[in-house]
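Participant: This is what each chain is made of:
Protein chains: 2
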Amino acid sequence: MNIAIIISYDGTNYSGWQSQPNKKTVQDELEKALFKVFNKQIKTYASGRTDALVSAIGQVVSFNCDDLFPPEKLMYLLNDNLPLDIRIVKSYEVDNDFNARFNAKNKTYEYNFYFGKTSNAYFDKTFSFFKGELNINDMQLACKFLVGTFDFSSFCASGTEVEDKTRTIFNAKIECVNKEYNQYKFVVSGNGFLYNMVRILMGTLINVGYGKIKPESIVEIINKKDRKFAGATVKAHGLVLVKVEY
Amino acid sequence: MNIAIIISYDGTNYSGWQSQPNKKTVQDELEKALFKVFNKQIKTYASGRTDALVSAIGQVVSFNCDDLFPPEKLMYLLNDNLPLDIRIVKSYEVDNDFNARFNAKNKTYEYNFYFGKTSNAYFDKTFSFFKGELNINDMQLACKFLVGTFDFSSFCASGTEVEDKTRTIFNAKIECVNKEYNQYKFVVSGNGFLYNMVRILMGTLINVGYGKIKPESIVEIINKKDRKFAGATVKAHGLVLVKVEY
Numbered sequence: 000m001n002i003a004i005i006i007s008y009d010g011t012n013y014s015g016w017q018s019q020p021n022k023k024t025v026q027d028e029l030e031k032a033l034f035k036v037f038n039k040q041i042k043t044y045a046s047g048r049t050d051a052l053v054s055a056i057g058q059v060v061s062f063n064c065d066d067l068f069p070p071e072k073l074m075y076l077l078n079d080n081l082p083l084d085i086r087i088v089k090s091y092e093v094d095n096d097f098n099a100r101f102n103a104k105n106k107t108y109e110y111n112f113y114f115g116k117t118s119n120a121y122f123d124k125t126f127s128f129f130k131g132e133l134n135i136n137d138m139q140l141a142c143k144f145l146v147g148t149f150d151f152s153s154f155c156a157s158g159t160e161v162e163d164k165t166r167t168i169f170n171a172k173i174e175c176v177n178k179e180y181n182q183y184k185f186v187v188s189g190n191g192f193l194y195n196m197v198r199i200l201m202g203t204l205i206n207v208g209y210g211k212i213k214p215e216s217i218v219e220i221i222n223k224k225d226r227k228f229a230g231a232t233v234k235a236h237g238l239v240l241v242k243v244e245y
Numbered sequence: 000m001n002i003a004i005i006i007s008y009d010g011t012n013y014s015g016w017q018s019q020p021n022k023k024t025v026q027d028e029l030e031k032a033l034f035k036v037f038n039k040q041i042k043t044y045a046s047g048r049t050d051a052l053v054s055a056i057g058q059v060v061s062f063n064c065d066d067l068f069p070p071e072k073l074m075y076l077l078n079d080n081l082p083l084d085i086r087i088v089k090s091y092e093v094d095n096d097f098n099a100r101f102n103a104k105n106k107t108y109e110y111n112f113y114f115g116k117t118s119n120a121y122f123d124k125t126f127s128f129f130k131g132e133l134n135i136n137d138m139q140l141a142c143k144f145l146v147g148t149f150d151f152s153s154f155c156a157s158g159t160e161v162e163d164k165t166r167t168i169f170n171a172k173i174e175c176v177n178k179e180y181n182q183y184k185f186v187v188s189g190n191g192f193l194y195n196m197v198r199i200l201m202g203t204l205i206n207v208g209y210g211k212i213k214p215e216s217i218v219e220i221i222n223k224k225d226r227k228f229a230g231a232t233v234k235a236h237g238l239v240l241v242k243v244e245y
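These protein sequences, in sequence, are chains A and B. Position 108 of the first sequence, counted from 1, bears residue number 107 in numbering that gives the first Met the number 0, the numbering being contiguous throughout. Position 13 of the second sequence, counted from 1, bears residue number 12 in numbering that gives the first Met the number 0, the numbering being contiguous throughout.
In case anyone wonders, no lab produced these hints; they're calculated from the structure. Please note: incorrect hints may appear among the correct ones.
Which copy is meant is left open, so a pair is good if it fits within one copy or across any two.
Stated by the list, open to error - With a straight-line cut-off of 30 Å between C-alpha atoms, the simulated DSBU-like cross-links for lysine-lysine are:
#, residue 1, residue 2
1, Lys242, Lys23
2, Lys242, Lys178
3, Lys211, Lys72
4, Lys31, Lys42
5, Lys130, Lys234
6, Lys42, Lys224
7, Lys39, Lys211
8, Lys178, Lys213
9, Lys23, Lys116
10, Lys89, Lys178
11, Lys178, Lys143
12, Lys22, Lys178
13, Lys23, Lys234
14, Lys23, Lys124
15, Lys116, Lys72
16, Lys124, Lys22
17, Lys178, Lys23
18, Lys223, Lys23
19, Lys130, Lys72
20, Lys178, Lys104
21, Lys72, Lys224
22, Lys89, Lys35
23, Lys130, Lys35
Looking at chain A on its own, in the form it has when it is part of the complex (with noise of 0.2 Å):
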């Protein structure tokens, strides 16, 4: 049978989802777990990666098992054999043609950041922190200019493979998250994204955000069509993937 999971993971430990040899990566905890209750490995495909450190509230995976056990108890037996910083919130079975990576049709992630003169212990737990000031209404505002159809190759990694770099942004906005502690996420959703891209963005926001660009640039940013011309790649730590529609 053909099924879907919900999966939630603390990337912190992590080198992402995918795979690689010789690095501990959730796909990995994920078929190992497949395989115990199983006994037969089976291939997983996630809705996309997940780079290192990323975590994840609501990634997707789907993948082909056996018909031994109910869908929905599924989730059980692999948490059992799961470490506890990867948790499955949900299984369920799935059309025969459904595949999490391609069928995926909005992504939502968010970046948890924060600013300051000094950054907090606790705080850094689940937020970036960046020293100084940042104008958190022009970047809500640089975020409008994000929504649409555009060829996104200035938000990309260079020496990426993929070919059309045209994405759809849906919704991009900056959420308050504890304004005493200038606690913000930078919440985006899309249709897919290239590599490295919300950090690539959240990296230009930023930027905005110190006012060393303003707000309406993020136009000829995508427009340049050319990655030196966005901000810094900012790092994984604050990025989770939140949820994933089909």
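Given the coordinates of chain A, work out where chain B should sit on it, guided by the hints.
Facilitator: Just chain B, lined up with the frame of chain A:
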């Protein structure tokens, strides 16, 4: 000179604030950093001990040291000698008779929790999970009965040496963090807390949330002055010392 610092820490890797033989504690790390900066042993006083695994956004610590550096620069010198999961956010000079332990007027703690059918590995970074459904309205109502000056013997770990168990709770409430994810925090402030008191208060509120006891039962439990009538001591993970006022 007499110095106060506001210090934050991720409690995950520490056996609490207070120095103990053969344990890794926040106090030891801070006193090691002070030794490196001043080349002498310096005794520190925190507003209160925090248990193993408890974090702090704004613990206050005071100590006496030589007048070698501007007080407000001291935090940078100390941070350079502290692990990244301990960060000083402020350092300043205080009156000679100031002691962070004895002069605290108001301490605020928060306990971060969420509930539902299954836990989420990302939420588990900072929240404590309770399986099933919690009635947050009833928990909110129960909080009102905690406010006031009472003998809190029912909410104190047995075997504690403290004689006077009268404390004043100024404020107690449940705040919503994210309704969609059933994430909440219990925020409580008072002039002092007994050993394990916040965790036992939380355990009792959880019983209210599960419908095992009524919100107004809090009054009876306080009046019993006996630990066995209150709820369980919930786990330390999720508990954060937010701020201390003088």
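Participant: How would you label the pair lysine 242, lysine 178 (within, between, both, or neither) given a Cα cut-off of 30 Å?
Facilitator: both (25 Å within a copy, 16 Å between copies)
Participant: Could you figure out if lysine 23 and lysine 124 sit no more than 30 Å apart (CA to CA) within one copy, between two copies, both or neither?
Facilitator: both (20 Å within a copy, 19 Å between copies)
Participant: With identical chains, the pair lysine 89 and lysine 35 could be close in the same copy or across copies; at 30 Å between alpha carbons, which is it: within, between, both, or neither?
Facilitator: within (19 Å within a copy, 51 Å between copies)
Participant: With 30 Å as the alpha-carbon cut-off, assign the pair lysine 42 and lysine 224 to within, between, both or neither.
Facilitator: neither (36 Å within a copy, 58 Å between copies)
Participant: Checking lysine 23 and lysine 116: alpha-carbon separation at most 30 Å within a copy, between copies, both or neither?
Facilitator: Between copies only: 28 Å across, 35 Å inside.
Participant: Between copies, within a copy, both or neither: which fits lysine 242 and lysine 23 at Cα up to 30 Å?
Facilitator: within (23 Å within a copy, 38 Å between copies)
Participant: Reference check for the pair lysine 223 and lysine 23, CA-CA at most 30 Å: within, between, both, or neither?
Facilitator: neither (37 Å within a copy, 52 Å between copies)
Participant: Within, between, both or neither: how does the pair lysine 178, lysine 213 come out at a Cα-Cα threshold of 30 Å?
Facilitator: Classified as within; 23 Å inside a copy, 35 Å across copies.
Participant: Classify it for me, lysine 116 with lysine 72: is the Cα-Cα distance of at most 30 Å met within a copy, between copies, both or neither?
Facilitator: between (49 Å within a copy, 13 Å between copies)
Participant: Evaluate lysine 72 and lysine 224 at a C-alpha cut-off of 30 Å and name the case that applies: within, between, both or neither.
Facilitator: Cα proximity of lysine 72 and lysine 224: none, with 47 Å in one copy and 45 Å across.
Participant: Indicate which option fits the pair lysine 23, lysine 234 if close means a Cα-Cα distance not exceeding 30 Å: within, between, both or neither.
Facilitator: both (19 Å within a copy, 29 Å between copies)
Participant: Are the CA atoms of lysine 178 and lysine 143 at most 30 Å apart within a copy, between copies, both, or neither?
Facilitator: both (21 Å within a copy, 26 Å between copies)
Violated hints for the displayed structure, listed by number in ascending order: 6, 7, 12, 17, 18 and 21.
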